[in-house]
Amino acid sequence: MFTLSRRKFLALAGISGAATLSGFSALAALKSSNQKRLTILHSNDTHSRLDPFPPNDPNFPNMGGYARRAALVNHLRLDDPELLLLDAGDYFQGTPYFNLFGGEAELKLMSQMGYDAAILGNHEFDNGLVGFHNVHHHAEFPFVISNYDFSDTILKGVTKPYLVLERNGIKVGIYGLGITLRGLVAPSNFEGLKYLDPVEVARTTEETLKNRHRCQVIICLSHLGFSYNHDRPSDVVIARETSFTDIIIGGHTHTLLDPAVKEKNKLNRDVTIGQTGSGGVRLGKMEVLFDVSSEEKNVVAYTTKIF
Amino acid sequence: MVRNHRLFFSLLISIIVFLPACRHKDLPREVGGELILLDSLNVPVPDPGIESSLAFYREEFAREMNQVVAYSPFAMRRASPEGLLNNFVSDLVLEVANELYEPENGKGIDFCLLNYGGLRASLPAGEITRSNVFELMPFENEMVVLTLSGEKTLQLFEYVAGSDRGMPIAGLKIGIKDGELGHVLIGGQAFDPDRNYKVVTSDYLAEGGDRMRFFLDPINTEVLGMRIRDAILMYMERETASGNELHAELDGRIYFMD
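From first to last, the protein sequence lines are chains A and B.
Under the working numbering, the first residue of the first sequence is numbered 1, with each subsequent residue one higher.
Under the working numbering, the first residue of the second sequence is numbered 1001, with each subsequent residue one higher.
Excised from the complex, chain A in its bound form (with noise of 0.2 angstroms):
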């Protein structure tokens, strides 16, 4: 694999200017060996934050908001056209947009900013299963939950359980674990919803991706909650209850974990584990690096620093 010194970093940096900043990891180890990539962008908990964060705002102070992050995807695409940009929930609620526009300000944008699929928080419901139907056709992306079954609702076919998607010739499989309601949204704005158990469904779902769609990265979107103390289903519980998931892009806890988490999974392989805390102040950004000519099966466990 690549190494770069942290000189030679900023040589090049002052060479090539901005645009060669953000593929260096993965730009540098596909020139030099037979290499496929995988980059996924990652928001959560955004809550209805169309703005930055207001100039007098104690910790975010001017930080976040749809266009600055529309800007960063738009220059990471430079960089890798066929990047996937997904939401962990929660992108309703938190802003009078909200109250004013019902989500459809939130769901216009993100589509503009080209979202590929998004995941049901509990904040979309505030406005009950009506609020969510009369706004969801001004979403041009997928929503994706699996273990919500709208069947008896206004919502039914509105979702999809997962998706299979093609990225640089990686075939990648996404699914959606919403966390259960009860508790957190009145009974009469998810009424009739079926709630399924994430740890089944997720099972049941990833071995589908896995052996009935072939695919190489197979990604949970959840807004179930980074790690509990109790025994509530959360990501930290899903990684190690399931065998194929690579990646959960999680939300609903608002955790900020940077960088990214490692779990290991029933089959004590890693699974990795990203959320980057709320109202949109911060962008995730992951990469699955295959190697191509490979086949050889030997773990090799490294850690690069870019220092």
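Simulated from the structure, these hints should not be mistaken for lab results.
Glycine included, each C-beta is placed from N, C-alpha and C at the ideal position.
Don't take each hint at face value.
[As the list claims (entries may be wrong)] Simulated pairs of lysine to any residue, SDA-like, Cα-Cα distance not exceeding 25 angstroms:
1) A:Lys-108 to B:Arg-1063
2) A:Lys-160 to A:Phe-141
3) A:Lys-194 to B:Gly-1208
4) A:Lys-264 to A:Arg-203
5) A:Lys-194 to B:Glu-1207
6) B:Lys-1173 to B:Phe-1256
7) A:Lys-108 to B:Pro-1046
8) A:Lys-108 to B:Glu-1051
[Unchecked claim] What follows is a list of derived Cβ distance ranges for each label pair:
9) A:Leu-267 to B:Ala-1079: 41 to 51 angstroms
10) B:Gln-1155 to A:Asp-57: 32 to 42 angstroms
11) A:His-254 to B:Ala-1075: 22 to 32 angstroms
12) A:Asn-229 to B:Ser-1080: 13 to 23 angstroms
13) B:Gly-1175 to A:His-254: 32 to 42 angstroms
14) A:Pro-81 to B:Ala-1055: 22 to 32 angstroms
15) A:Glu-140 to B:Ala-1055: 15 to 25 angstroms
Once you've looked at the hints, dock chain B against the given chain A.
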């Protein structure tokens, strides 16, 4: 353009893992993950396409939300066990609810209980805009009046006393002793376990939200037909029309007993 030179210094940890063995060709892989801060240093120029789409929504936002509805001489924040914001909102909800309420038996609402988590933003000192009120209470929750048995009312008091977050209450005085209910007064009177009490709360909590299970299966539920946010706006506009600034104080309605 993006000037993300900071990214150079950020740590990228990458670990090669194995593909699970299966029939088709397996490929070793590497997964790395990092977060990129969306500030003006990393992203100095926001996307013009999104900015132009936002313009319509921003205009509407300014027209609807920038109107000043009240003036407050001080900032109000939520706090535990008691906060200015907790008291301000619960007091006005009890007041407005009692004005709207037309009881069948002539008995008014005894007290108010809302939830700490439902106060979503602080109110600033000075001019309060509609936007401030929407951020404080973004949810569409409505006021409901529940009639509870003495037994369930006691469970409610125990919940308030046992919570580590300051629950917004009005019409009550609750003493906490060793993390449990030590003393309670309702409208200045001692608690009578043999009578029913009327409490105004939100429909969200009435349906058992925030684990307020004592609200489930009440003796009676009456809907007042007004959102909590609209009650706040109505109250503020009325105060302003009367020439009053907003008022709130800490009065020890939830206190720790020595």
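Hints and how they fare:
no. : hint                                        : in the structure
1   : A:Lys-108 to B:Arg-1063                     : holds (21 angstroms)
2   : A:Lys-160 to A:Phe-141                      : holds (11 angstroms)
3   : A:Lys-194 to B:Gly-1208                     : holds (19 angstroms)
4   : A:Lys-264 to A:Arg-203                      : holds (15 angstroms)
5   : A:Lys-194 to B:Glu-1207                     : holds (18 angstroms)
6   : B:Lys-1173 to B:Phe-1256                    : holds (11 angstroms)
7   : A:Lys-108 to B:Pro-1046                     : holds (17 angstroms)
8   : A:Lys-108 to B:Glu-1051                     : holds (13 angstroms)
9   : A:Leu-267 to B:Ala-1079: 41 to 51 angstroms : holds (48 angstroms)
10  : B:Gln-1155 to A:Asp-57: 32 to 42 angstroms  : holds (39 angstroms)
11  : A:His-254 to B:Ala-1075: 22 to 32 angstroms : holds (24 angstroms)
12  : A:Asn-229 to B:Ser-1080: 13 to 23 angstroms : holds (21 angstroms)
13  : B:Gly-1175 to A:His-254: 32 to 42 angstroms : holds (34 angstroms)
14  : A:Pro-81 to B:Ala-1055: 22 to 32 angstroms  : holds (28 angstroms)
15  : A:Glu-140 to B:Ala-1055: 15 to 25 angstroms : holds (20 angstroms)
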